[in-house]
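Enquirer: Take a look at the letters that make up each chain.
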Amino acid sequence: MASLTLDNVTKSYGRTRALSDVSLAVDDGEFFVILGPSGAGKTTTLKSVAGLEPIDAGTVHIGGTDMAGVEPYRRNVAMAFESYALYPQRTVYDNLASPLRSGRTGTYSKAQQDRRITEVTDTLGIGHLLQRFPRELSNGQRQRVALGRVLVRPAGAYLLDEPLSHLDAKLRAAMRAELKQLGAMSSTTTLYVTHDYQEALALGDRIAVLRAGRVVQVGTPERIWARPVDTFVARVLGQPEMLLLPATVDSGRIRTADGAFDAAAPDGLDRGDVVLGIRPRALTLGERETAVTVRGTVRLAERLGRVIELTVHSGDTDLVAVVASADAPAEGSDVTLSVRPDEVHVFVDDLRWGSVAGKEDRDA
Amino acid sequence: MPDTLVLDQLRKTYRTRGREPFEAVRGIDLDVAAGELVALLGPSGCGKTTTLRMIAGLETVTSGDIRIGGRSVPDLPPGKRNLGVGFESYALYPPLTVRENLAYGLKARKVRDADAQVDALAARLEMTDLLPLRPSGLSSGQKQRVALARALIRKPPVLLLDEPLSHLDASARQRVRRELRTLQREFGYTTIVVTHDQLEALSLADRMAVMDAGVIQQFGTPDEIYDDPANRFVADFVGEPPMNLVEGTVERRSDGTVVHLGTAGSVATAAKEATDGGTVTVGLRPQDCVPAVDGSGIACTVRVFENLLEYGLGTLDVAGLAAPVVAQTDPGVGWASGDEVRITAPAERVYLFDSTSGARIR
Numbered sequence: 001m002a003s004l005t006l007d008n009v010t011k012s013y014g015r016t017r018a019l020s021d022v023s024l025a026v027d028d029g030e031f032f033v034i035l036g037p038s039g040a041g042k043t044t045t046l047k048s049v050a051g052l053e054p055i056d057a058g059t060v061h062i063g064g065t066d067m068a069g070v071e072p073y074r075r076n077v078a079m080a081f082e083s084y085a086l087y088p089q090r091t092v093y094d095n096l097a098s099p100l101r102s103g104r105t106g107t108y109s110k111a112q113q114d115r116r117i118t119e120v121t122d123t124l125g126i127g128h129l130l131q132r133f134p135r136e137l138s139n140g141q142r143q144r145v146a147l148g149r150v151l152v153r154p155a156g157a158y159l160l161d162e163p164l165s166h167l168d169a170k171l172r173a174a175m176r177a178e179l180k181q182l183g184a185m186s187s188t189t190t191l192y193v194t195h196d197y198q199e200a201l202a203l204g205d206r207i208a209v210l211r212a213g214r215v216v217q218v219g220t221p222e223r224i225w226a227r228p229v230d231t232f233v234a235r236v237l238g239q240p241e242m243l244l245l246p247a248t249v250d251s252g253r254i255r256t257a258d259g260a261f262d263a264a265a266p267d268g269l270d271r272g273d274v275v276l277g278i279r280p281r282a283l284t285l286g287e288r289e290t291a292v293t294v295r296g297t298v299r300l301a302e303r304l305g306r307v308i309e310l311t312v313h314s315g316d317t318d319l320v321a322v323v324a325s326a327d328a329p330a331e332g333s334d335v336t337l338s339v340r341p342d343e344v345h346v347f348v349d350d351l352r353w354g355s356v357a358g359k360e361d362r363d364a
Numbered sequence: 001m002p003d004t005l006v007l008d009q010l011r012k013t014y015r016t017r018g019r020e021p022f023e024a025v026r027g028i029d030l031d032v033a034a035g036e037l038v039a040l041l042g043p044s045g046c047g048k049t050t051t052l053r054m055i056a057g058l059e060t061v062t063s064g065d066i067r068i069g070g071r072s073v074p075d076l077p078p079g080k081r082n083l084g085v086g087f088e089s090y091a092l093y094p095p096l097t098v099r100e101n102l103a104y105g106l107k108a109r110k111v112r113d114a115d116a117q118v119d120a121l122a123a124r125l126e127m128t129d130l131l132p133l134r135p136s137g138l139s140s141g142q143k144q145r146v147a148l149a150r151a152l153i154r155k156p157p158v159l160l161l162d163e164p165l166s167h168l169d170a171s172a173r174q175r176v177r178r179e180l181r182t183l184q185r186e187f188g189y190t191t192i193v194v195t196h197d198q199l200e201a202l203s204l205a206d207r208m209a210v211m212d213a214g215v216i217q218q219f220g221t222p223d224e225i226y227d228d229p230a231n232r233f234v235a236d237f238v239g240e241p242p243m244n245l246v247e248g249t250v251e252r253r254s255d256g257t258v259v260h261l262g263t264a265g266s267v268a269t270a271a272k273e274a275t276d277g278g279t280v281t282v283g284l285r286p287q288d289c290v291p292a293v294d295g296s297g298i299a300c301t302v303r304v305f306e307n308l309l310e311y312g313l314g315t316l317d318v319a320g321l322a323a324p325v326v327a328q329t330d331p332g333v334g335w336a337s338g339d340e341v342r343i344t345a346p347a348e349r350v351y352l353f354d355s356t357s358g359a360r361i362r
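For the protein sequence lines, the chains are D and W, in the order given.
Going by my numbering, the first sequence opens with residue 1, and the numbers climb by one from there.
Going by my numbering, the second sequence opens with residue 1, and the numbers climb by one from there.
Among the hints, erroneous ones may be present.
[Claimed, not checked] Here are the simulated lysine to aspartate or glutamate pairs, EDC-like style, with alpha carbons at most 20 Å apart:
1. W:Lys155 with W:Asp119
2. D:Lys180 with W:Asp317
3. D:Lys170 with W:Asp212
4. D:Lys170 with W:Asp317
5. D:Lys170 with W:Asp236
[As the list claims (entries may be wrong)] Just the calculated beta-carbon pair ranges, DEER-fashion:
6. D:Thr248 with W:Arg134: 38 to 44 Å
7. W:Pro94 with D:Lys359: 53 to 59 Å
8. D:Asp168 with W:Gly334: 24 to 30 Å
9. D:Pro72 with W:Ala213: 43 to 49 Å
10. D:Thr16 with W:Arg134: 18 to 24 Å
11. W:Ser136 with D:Ala25: 40 to 46 Å
12. D:Glu287 with W:Asp119: 38 to 44 Å
13. W:Thr301 with D:Arg271: 53 to 59 Å
14. W:Pro43 with D:Glu119: 31 to 37 Å
Since the hints were derived computationally from the structure, they do not count as laboratory data.
Even for Gly, the Cβ is constructed at its ideal location relative to N, Cα and C.
Produce the entire structure from the sequences given, and follow the hints as far as they go.
Expert: Shown next, in the form of structure tokens:
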């Protein structure tokens with residue numbers, strides 16, 4: 001068990017700045033997710049904690065101890081890389097036993113090894129595969145064994161780099177649900193890197209959103225979803241992504257240039273240019289009282305299972321709305337969409353100011 | 001003008017000396033109307049790409065026929081088939097820029113506003129910044145957009161696309177998918193899209209053919225495929241999260257048929273042809289599982305709940321069943337591990353399949 005702290009960690013590769021003043025504090029036992037697009041610095045952050053990449057400036061503490069000059073295998077962390085290599089010529093049992101036999105992190109008797117391996121294989125549901133070779137396993141089974149190699153060794157923290165990215169969508173969703181149930185992971189500090197916002201929302205106690213080597217926002221999934229600090233974070237979470245509409249505040253109204261969106265401006269927001277942010281699932285069909293309405297024509301109606309994604313042309317813009325398939329209008333029909341004022345985010349200079357309903361209290 | 005496309009008992013068998021012949025495509029029929037967009041959907045190895053390559057003329061036909069606009073084409077070379085082909089592997093001219101690559105065919109045919117057409121299409125596919133680059137400097141996602149643009153710009157009567165969006169990131173994929181759909185509507189190319197992504201097929205296609213083991217398992221509109229799957233394979237392959245498929249026991253009552261799941265309760269089904277007392281595979285889509293009232297439905301214990309904010313996913317243990325059932329909940333519904341919940345589903349959404357053959361029991 002260990003807390004992890006990064007203070008102003010900076011790292012460059014040649015002239016490319018990979019991390020700029022990254023500061024994170026992960027509590028003991030916390031499941032902490034680093035979310036961001038490729039190239040944001042997620043893996044570099046993980047490697048800095050593991051000691052696999054020397055950092056240019058800043059400090060990394062694990063369990064309160066400064067890790068400067070501490071070798072990777074003395075850091076008491078277990079890291080899994082994206083590739084999740086297994087030894088092809090060894091059985092599943094031997095693959096799982098090898099981290100315990102390396103001797104770098106303590107010595108284990110045969111009985112102790114067996115006990116740890118049984119614990120891990122029971123949790124991962126791979127107990128029946130122990131005598132098989134990697135080539136005899138399905139992709140999902142291989143991924144489980146690879147994860148088992150990380151979990152088998154007691155560690156103060158687990159560092160996981162996109163552990164589900166090589167699985168197909170269905171297996172990924174199933175494994176995501178399984179990861180959440182793993183007792184080992186729920187009680188051990190875990191730093192988990194992903195570019196998949198659903199993994200971040202489902203697994204993270206807290207999420208740090210990274211962009212171009214900088215931490216943009218840290219918070220609970222609910223907080224980051226409801227109060228994205230800027231338009232970048234707003235678009236990182238959610239599919240289809242949040243609609244962003246340039247608008248102007250003037251004479252007590254907040255409206256887009258084409259007039260498609262026109263509502264009373266919230267108190268405290270005076271004249272100027274803003275960007276409105278609406279999540280496609282916040283738009284509903286039909287007029288509702290106290291809601292802001294937008295009229296338009298359905299350009300595309302795309303079936304996505306039990307929901308339909310509507311592309312609605314309004315003024316000069318295409319709005320995307322997600323509605324139940326039962327009441328979806330046909331392409332070409334005119335529709336009215338409604339959205340609650342508190343679900344229309346307002347961004348000023350790219351930072352979230354509040355919503356069309358007003359500015360929220362900071363702690364609300 | 002778009003053309004019709006007909007596949008008639010199309011078959012492809014690979015024969016290698018010393019090995020069993022491999023039947024990649026086993027006599028498929030497909031009738032595509034002019035201007036229609038049809039998706040060929042299936043897992044890798046199902047024969048969808050082989051089918052596309054036979055249409056394109058990149059693969060010989062073992063038997064059967066392909067007719068484009070009524071004309072039999074298996075004996076014609078690829079260049080004479082009047083197709084637009086958006087294959088990723090389709091080579092771009094390396095010494096030319098992307099702009100020159102796109103304009104090449106147009107200029108050869110002395111199209112006057114070639115550059116304007118290139119600009120307009122590039123803007124819609126979000127690739128204006130790629131125009132001055134050379135192919136060697138492109139990422140796989142960028143190459144894919146260029147290949148798509150090159151196929152589209154000729155406005156061919158029949159357009160063949162092989163996994164056109166697979167290398168794009170999630171949000172670009174959604175935007176380019178919508179733009180592809182809109183362009184296809186505007187210009188009316190008859191289009192075949194090969195994909196392994198069921199969401200892409202559902203959202204793009206007028207009709208889709210779900211393939212497995214060289215056979216079309218079902219051909220229909222996305223609504224038909226999703227709401228009325230022909231067999232267990234189609235039911236399982238289409239839909240996300242995947243349909244729950246669990247063992248159940250049929251009980252025919254005077255007022256209709258119900259299926260019992262494990263020892264946890266029962267749900268009514270609209271299926272009429274199930275045998276009383278028989279064991280069947282019951283299919284329930286996570287999106288169709290809703291909370292039951294008054295102690296009806298199936299008793300479940302929440303194993304894990306994932307709040308994805310757009311919706312929630314509960315993985316539920318059902319007494320007497322080995323595998324859990326997944327239920328999708330509306331935003332705002334919160335379950336905790338260990339909660340006891342009861343779920344049910346609309347009778348017309350409780351699908352039954354033969355436990356052995358996987359055939360749908362209606």
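Enquirer: Confirm or reject each hint.
Expert: For each hint, the structure was consulted:
Of the supplied pair hints, the one linking W:Lys155 and W:Asp119 holds, its CA atoms being roughly 15 Å apart against a limit of 20 Å. Under the criterion of a C-alpha separation no larger than 20 Å, the hint pairing D:Lys180 with W:Asp317 is consistent with the structure, at around 15 Å. For the suggested pair D:Lys170 and W:Asp212, the alpha carbons sit about 17 Å apart, so the restraint of at most 20 Å is met. Among the hinted pairs, D:Lys170 with W:Asp317 is consistent with the structure: their alpha-carbon atoms are about 19 Å apart, no more than 20 Å.
Distance hint between D:Lys170 and W:Asp236 is fulfilled; the C-alpha atoms sit about 10 Å from each other, no more than 20 Å. The given range of 38 to 44 Å is respected by D:Thr248 and W:Arg134, whose C-beta atoms sit roughly 42 Å from each other. At roughly 55 Å, the beta-carbon separation of W:Pro94 and D:Lys359 lies within the given 53 to 59 Å, and the hint holds. At about 29 Å, the beta-carbon gap between D:Asp168 and W:Gly334 stays in the expected band of 24 to 30 Å.
For D:Pro72 and W:Ala213, the Cβ-Cβ distance of about 47 Å falls inside the hinted range of 43 to 49 Å, so the restraint holds. Look at D:Thr16 against W:Arg134: about 23 Å separates their beta carbons, and that is inside 18 to 24 Å. Range check, W:Ser136 to D:Ala25: Cβ separation about 45 Å, and the 40 to 46 Å hint holds. A hinted range of 38 to 44 Å holds for the C-beta pair D:Glu287 and W:Asp119, which are about 40 Å apart.
Between W:Thr301 and D:Arg271 the Cβ separation comes to about 56 Å, which falls inside the hinted range of 53 to 59 Å. For W:Pro43 paired with D:Glu119, a C-beta distance near 34 Å keeps the hint of 31 to 37 Å intact.
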